[in-house]
Amino acid sequence: MGLLTVSPSPHVRSEMSTQKIMLMVILALVPAIAAGTIVFGPRALLLVIFCAAVSMMTELVCRKLMQKENTISDGSAMLTGVLLALNLPVTLPLWQAAVGCIFAIAVVKQLFGGLGCNFANPAITGRIFLLLSVGSDMTTWAKPFYYLDAPFFGLFETSGSAALDGLTGATPLVTGDAGLMELLLGNTGGSLGETSALALLIGGIFLIVTKLISPATPVAYLGSLAALTFVQVLITGGEMTDVLYALLSGGVLLGAFFMATDYVTTPITNKGKIIFGIGCGILTFVIREFASMPEGCSFSILLMNLLTPYIDRFTMTKPVGAGTPEKEGA
Amino acid sequence: MRKLGGIRLSHHKGSENCKSQPLPRPEKVCIPMSMHIGAPCSPIVKKGDLVTVGQKIGDTDAFMSAPIHSSVSGKVTAISDYRMSNGRTCKLVEIQTDEEQAVCPDVQPPAVHDKDSFLSAIRESGLTGMGGASFPAHVKLAPRQKVDTLCINGAECEPYITSDYRQMAEAPDEVIDGALQVMKWLDLPRCVIGIESNKPEAIRILTERAAAHPEITVVSLPCTYPQGAEKVLIYNTLGRIVMEGQLPADQGVIVMNVSSVAFVSRYLKTGMPMVTRMVTVDGDVIGNRCNVVVPVGTPVKNVLEFAQCDLEKAKKILYGGPMMGVSVQDINDPVLKANNAILAFSEAFAKKHSPKATACIHCGRCISACPLNLMPPDISRAYARKDTAALEKLKVTLCMNCGCCTYVCPAKRPVAEINQFAKALAMSAAKK
Numbered sequence: 621m622g623l624l625t626v627s628p629s630p631h632v633r634s635e636m637s638t639q640k641i642m643l644m645v646i647l648a649l650v651p652a653i654a655a656g657t658i659v660f661g662p663r664a665l666l667l668v669i670f671c672a673a674v675s676m677m678t679e680l681v682c683r684k685l686m687q688k689e690n691t692i693s694d695g696s697a698m699l700t701g702v703l704l705a706l707n708l709p710v711t712l713p714l715w716q717a718a719v720g721c722i723f724a725i726a727v728v729k730q731l732f733g734g735l736g737c738n739f740a741n742p743a744i745t746g747r748i749f750l751l752l753s754v755g756s757d758m759t760t761w762a763k764p765f766y767y768l769d770a771p772f773f774g775l776f777e778t779s780g781s782a783a784l785d786g787l788t789g790a791t792p793l794v795t796g797d798a799g800l801m802e803l804l805l806g807n808t809g810g811s812l813g814e815t816s817a818l819a820l821l822i823g824g825i826f827l828i829v830t831k832l833i834s835p836a837t838p839v840a841y842l843g844s845l846a847a848l849t850f851v852q853v854l855i856t857g858g859e860m861t862d863v864l865y866a867l868l869s870g871g872v873l874l875g876a877f878f879m880a881t882d883y884v885t886t887p888i889t890n891k892g893k894i895i896f897g898i899g900c901g902i903l904t905f906v907i908r909e910f911a912s913m914p915e916g917c918s919f920s921i922l923l924m925n926l927l928t929p930y931i932d933r934f935t936m937t938k939p940v941g942a943g944t945p946e947k948e949g950a
Numbered sequence: 118m119r120k121l122g123g124i125r126l127s128h129h130k131g132s133e134n135c136k137s138q139p140l141p142r143p144e145k146v147c148i149p150m151s152m153h154i155g156a157p158c159s160p161i162v163k164k165g166d167l168v169t170v171g172q173k174i175g176d177t178d179a180f181m182s183a184p185i186h187s188s189v190s191g192k193v194t195a196i197s198d199y200r201m202s203n204g205r206t207c208k209l210v211e212i213q214t215d216e217e218q219a220v221c222p223d224v225q226p227p228a229v230h231d232k233d234s235f236l237s238a239i240r241e242s243g244l245t246g247m248g249g250a251s252f253p254a255h256v257k258l259a260p261r262q263k264v265d266t267l268c269i270n271g272a273e274c275e276p277y278i279t280s281d282y283r284q285m286a287e288a289p290d291e292v293i294d295g296a297l298q299v300m301k302w303l304d305l306p307r308c309v310i311g312i313e314s315n316k317p318e319a320i321r322i323l324t325e326r327a328a329a330h331p332e333i334t335v336v337s338l339p340c341t342y343p344q345g346a347e348k349v350l351i352y353n354t355l356g357r358i359v360m361e362g363q364l365p366a367d368q369g370v371i372v373m374n375v376s377s378v379a380f381v382s383r384y385l386k387t388g389m390p391m392v393t394r395m396v397t398v399d400g401d402v403i404g405n406r407c408n409v410v411v412p413v414g415t416p417v418k419n420v421l422e423f424a425q426c427d428l429e430k431a432k433k434i435l436y437g438g439p440m441m442g443v444s445v446q447d448i449n450d451p452v453l454k455a456n457n458a459i460l461a462f463s464e465a466f467a468k469k470h471s472p473k474a475t476a477c478i479h480c481g482r483c484i485s486a487c488p489l490n491l492m493p494p495d496i497s498r499a500y501a502r503k504d505t506a507a508l509e510k511l512k513v514t515l516c517m518n519c520g521c522c523t524y525v526c527p528a529k530r531p532v533a534e535i536n537q538f539a540k541a542l543a544m545s546a547a548k549k
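Listed in order, the protein sequences are those of chains A and B. All residue numbers for the first sequence refer to our numbering, where the first residue is 621 and numbers rise by one. All residue numbers for the second sequence refer to our numbering, where the first residue is 118 and numbers rise by one.
Note that these hints are calculated values from the structure, not bench results. Some hints could be false.
To be verified - Using 16 angstroms as the maximum straight-line C-alpha spacing, the simulated EDC-like pairs for lysine to aspartate or glutamate come out as follows:
#1 A:938 x B:495
#2 B:473 x A:689
#3 A:938 x B:509
#4 A:938 x B:361
#5 B:468 x A:635
#6 B:469 x A:635
#7 B:473 x A:635
Claimed, not checked - Here are some, though not all, of the chain B residues that point toward chain A, as calculated from beta-carbon distances under 8 angstroms:
#8 476
#9 492
#10 512
For glycine and all other residues, C-beta sits at the position ideal for the given N, C-alpha and C.
Let the hints inform the model, and build the full structure from the sequences given.
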């Protein structure tokens, strides 16, 4: 025998790793990717793969330029790419998608030090960056199954292309004309990964059951949004289905299960996660109701990302045995 | 009441049905003069002396210490310096064993008639806590504070180790008798025995034996590591919280390991001091996992050979369990009083469990895993900027190095290790 390995305890480690977590989250997104591909055609899948590839390349190049260790294998860049793609309209030109990915990885993540150091969710910030810079392309929504009438199943058609005339429309969040069943299955306009509530719920429940995320954030987020909509319905007199409508339409489910639960940019304790979720719910409601933006989910999460350090500070745990000792009999 | 606990571990208690057996006489033993918390002993024998089993070979005037006895009969062949795993050095008495294994004439049941004679008998027995921390028992049993409860630790929450379980299964009466003796001489009205629920047989046997003694209760503990950690055990059996800077005695509790109380019972009957101990031998390169009664000071190598260890393949050897055990540096190092297990693992195992650390992803698993609700990511950041005030606020000194945080970390960071550095920094700052 050679020399013995000597190291401090503990001498065993759990099976869970950063890479496994990232890959499992991507796995949880597979139903949403599948739903997007069915509703919006092969271009949806193309965008997902393209964004993942560009994000990973950007990560690789950034780490190389900064002469830091290559971190591409941790899977976080791939996840950012997939998440960003799911937040894009299917007809977005590829170069714009690439710009979004490069911004998300290079500026939002790597400039702040890479995984674990960024304060804002890269995918969300990437989406907002695109929304503010190429707004019209970002808000051109293809109609479900448009690809059946487009050349090459719409694989090469981008917003503004003549072949798409009459095949695009507004998101139901603006028009409010999709039925609940359509929202559930994704048979409606919207970003390619956020239309099918059912697919997102399956993924979200998978994350909760496998304990990758705490149910605190999505429950607080969706709960507060539902409560506010409920109050609004009571005051203005709408239908109770509006509450469900608020939860199932737009990017709320994708945001609540996959973005507001990002470890790096959200509070670390369960108490903090609840505050974060409620904050997102309130902001989403307020933006949807009072701002000129149709969709408040991304902005609400980004704003709450900024508050995370403060939430963390106010929700520190109380150690068992901390405090002034009470001597017995004293 | 919510129970404290950290994480669920695979138990690997494959040796639980291996009846204890004596280790064949080793050719030589190497007995360090420090196997306990506190002052090391000085050898009171010299090279060439003949010693017998149970003869005292090391002692000191210091209060916080325990004498050391020869575990064999034979000839002292050398007294050398020995570097312990904590980096300090002490004297090491090397004894070549003989055939007779004659017992020292001093080994006689001690005359105990009151608390003082009980405590001095315990000191003379050389007993130090057998659960791993090796705290001198006579010090622990003589607190300044008023204590009312004896809490017996039968949790054995570390994976692999089954020596406490074998003690409870093979000689439960020793455990009960030892507990009654301690309660009698220290005038303690109450005793709880905490056992993790993965040992239903031990719970059944001890509950049965304790039935005749209403002052003794057996408590089943959840199967979450670290149930055997003192603070966790006290809270989960008695609902008392040992506050920062306190000892269990401040909460009226004395904690003893099951094997320690069983030793008290045997010692009061026979007078044989602490010269052997039961050791679980297991690990992925062990051919025949077993529980062996080993003379203190036996080289680890002898124990491994007895358990048919593939010495060629052994890459990592541990004193104690995989969560809090200490790496053995040399295969000829001795078995100590506190070693409840010797585990030997292959290179593949060692590699798999020492992965490269990557960036913290703020996932919070370490916080959920910490039985005491500490916040390792904040501790780590405060330590990086040497912020002792923040460390004080974060209560890093409560950390008991149970290792749950490092175990669960998906970024494979040495979380517990950083906590220890931070704790040392905070404690040195507090002293100034």
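Do the hints match the structure? See the list:
1. A:938 x B:495: Answer holds: residue 938 (chain A) to residue 495 (chain B) is near 13 angstroms, not above 16 angstroms.
2. B:473 x A:689: Roughly 12 angstroms separates the two Cα atoms, so the pair holds.
3. A:938 x B:509: 13 angstroms, holds
4. A:938 x B:361: 12 angstroms, holds
5. B:468 x A:635: Roughly 13 angstroms between the alpha carbons, so the hint for residue 468 (chain B) and residue 635 (chain A) holds.
6. B:469 x A:635: 10 angstroms, holds
7. B:473 x A:635: Distance of about 13 angstroms is within 16 angstroms: holds.
8. 476: 4 angstroms, holds
9. 492: Check passed: Cβ of residue 492 (chain B) comes within 6 angstroms of chain A, closer than 8 angstroms.
10. 512: With a minimum Cβ separation of about 4 angstroms from chain A (threshold 8 angstroms), the hint on residue 512 (chain B) holds.
Checked against the numbered hints above, the structure violates none of them.
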